[in-house]
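Peer 1: Here is how the chains run, residue by residue.
There are 2 protein chains.
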Amino acid sequence: MHIILASASPRRRELLSQIGLEYEVAPSTVKEEMEGALPAEIVQGLAVQKAEDVFRKMKEAGAKDFLVIGADTVVSLEGAVMGKPADVEDACRMLDSLQGRTHQVYTGVALLGEKEGGAAFRRIFHEKTDVTMYPMTKEEIAAYVETKEPMDKAGAYGIQGRCAAHIEKIDGDYNNVVGLPAGRLYQELKKCGI
Amino acid sequence: MHIILASASPRRRELLSQIGLEYEVAPSTVKEEMEGALPAEIVQGLAVQKAEDVFRKMKEAGAKDFLVIGADTVVSLEGAVMGKPADVEDACRMLDSLQGRTHQVYTGVALLGEKEGGAAFRRIFHEKTDVTMYPMTKEEIAAYVETKEPMDKAGAYGIQGRCAAHIEKIDGDYNNVVGLPAGRLYQELKKCGI
Chain S
1 MHIILASASP RRRELLSQIG LEYEVAPSTV KEEMEGALPA EIVQGLAVQK
51 AEDVFRKMKE AGAKDFLVIG ADTVVSLEGA VMGKPADVED ACRMLDSLQG
101 RTHQVYTGVA LLGEKEGGAA FRRIFHEKTD VTMYPMTKEE IAAYVETKEP
151 MDKAGAYGIQ GRCAAHIEKI DGDYNNVVGL PAGRLYQELK KCGI
Chain F
1 MHIILASASP RRRELLSQIG LEYEVAPSTV KEEMEGALPA EIVQGLAVQK
51 AEDVFRKMKE AGAKDFLVIG ADTVVSLEGA VMGKPADVED ACRMLDSLQG
101 RTHQVYTGVA LLGEKEGGAA FRRIFHEKTD VTMYPMTKEE IAAYVETKEP
151 MDKAGAYGIQ GRCAAHIEKI DGDYNNVVGL PAGRLYQELK KCGI
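Top line first, the protein sequences correspond to chains S and F. Counting along the first sequence from 1, when you hit position 35 you're at 35 in this note's numbering, and nothing is skipped either side. Counting along the second sequence from 1, when you hit position 125 you're at 125 in this note's numbering, and nothing is skipped either side.
Be careful, since some hints might not be right.
[What the hints assert, rightly or not] With a straight-line cut-off of 25 Å between C-alpha atoms, the simulated DSS-like cross-links for lysine-lysine are: (1) S:Lys191 - F:Lys138; (2) F:Lys190 - S:Lys148; (3) F:Lys138 - S:Lys190; (4) S:Lys115 - S:Lys64; (5) S:Lys128 - F:Lys128; (6) S:Lys191 - S:Lys115.
Bear in mind the hints are in silico, worked out from the structure with no lab data behind them.
So that you can see chain S by itself, here it is in the shape it has in the complex (with noise of 0.2 Å):
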């Protein structure tokens, strides 16, 4: 079965790989809109978007056998939704919000296929980890806002890179946080016979 991603996340990509599947890229072009109110929904509604947009796509050049991943992450500190940051100064204040406490990172994943026969299938889920952090000084907030990982990431920080040393602990898939729950897709795509 053929697997595409839907996204152009370098995460998700090294994440698919690291756990040895084939796939190629094809990244959603849809405008994403916000549905829901509750973290889950919302990250559930945004992978099924980008997942629908490719599906769609796939099906009108006549493809077969084939799976497409649709994912979003966002993070959730008391409810509240972060996505990424807007520029520098909403980096710092989004870290400034997050250290030294814990916050919730929603992982919503949208896989939609058609089998061999025909058979469409579609499973949508999403897995949450809680994560917290080491209180940070304003000096050090800065410091790693300058190195210009935040920049692309929901909650301001990329805990596989710089921000490792910021980090106490966390309760959940790791892989979630980076931006794929690697071991629940996994875990799913044997349900879905793949």
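Once you have looked at the hints, place chain F on chain S.
Peer 2: The following block gives chain F in isolation, referenced to the frame of chain S:
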């Protein structure tokens, strides 16, 4: 200050680089002797042995203003300690005992240093992370062991490698499972004024 990693592990090197530390590598050549019965005592004891070996050599070479980092990691299942597998059968046996349940990973760290004026410092600590694995079939275990990834790793798995597909969740520091608790290490170095 000159930082020396008393370990040949490429994963520990990568973690130090990830959090932005500059260091040199000087693996200890000491014959490691397990001391103590509890996993925390064992890893701290081995970390100290490695760091002391390199510290002594640095002193003999007339080094000043330096810090040696020693570390050791073991897996513990219901209190029984697992190191690296002896062979393929041992790796399969370890993975079969870990799959479908929760175990503990302990990494002990020893920081032995001497500051500019000659003042010595010494900090020894450990971190514990709970790791929960999804159930694995005999076929999945055999396929994973065939990748050879398990052979040089405590507990016969690499959470940062292919085994990510089989990890349900963790509770604690992820990098502690990889081989060095990067967050705690950074905080301890700060306390040492480094």
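Peer 1: Give a verdict on every hint.
Peer 2: Tested hints:
1. The suggested pairing of lysine 191 (chain S) with lysine 138 (chain F) holds, with an alpha-carbon distance near 17 Å, which does not exceed 25 Å.
2. Between the alpha carbons of lysine 190 (chain F) and lysine 148 (chain S) the distance comes to roughly 23 Å, so the proposed pair stays at or under 25 Å and holds.
3. As the CA atoms of lysine 138 (chain F) and lysine 190 (chain S) are separated by approximately 15 Å, the hinted pair is consistent with the 25 Å bound.
4. For a cut-off of 25 Å, the pair hint linking lysine 115 (chain S) to lysine 64 (chain S) stands: about 7 Å separates their Cα positions.
5. Our distance criterion of 25 Å between C-alpha atoms is met by lysine 128 (chain S) and lysine 128 (chain F), whose separation comes to about 21 Å.
6. A C-alpha spacing of about 14 Å is found between lysine 191 (chain S) and lysine 115 (chain S), which places the hinted pair at or below 25 Å, so the restraint holds.
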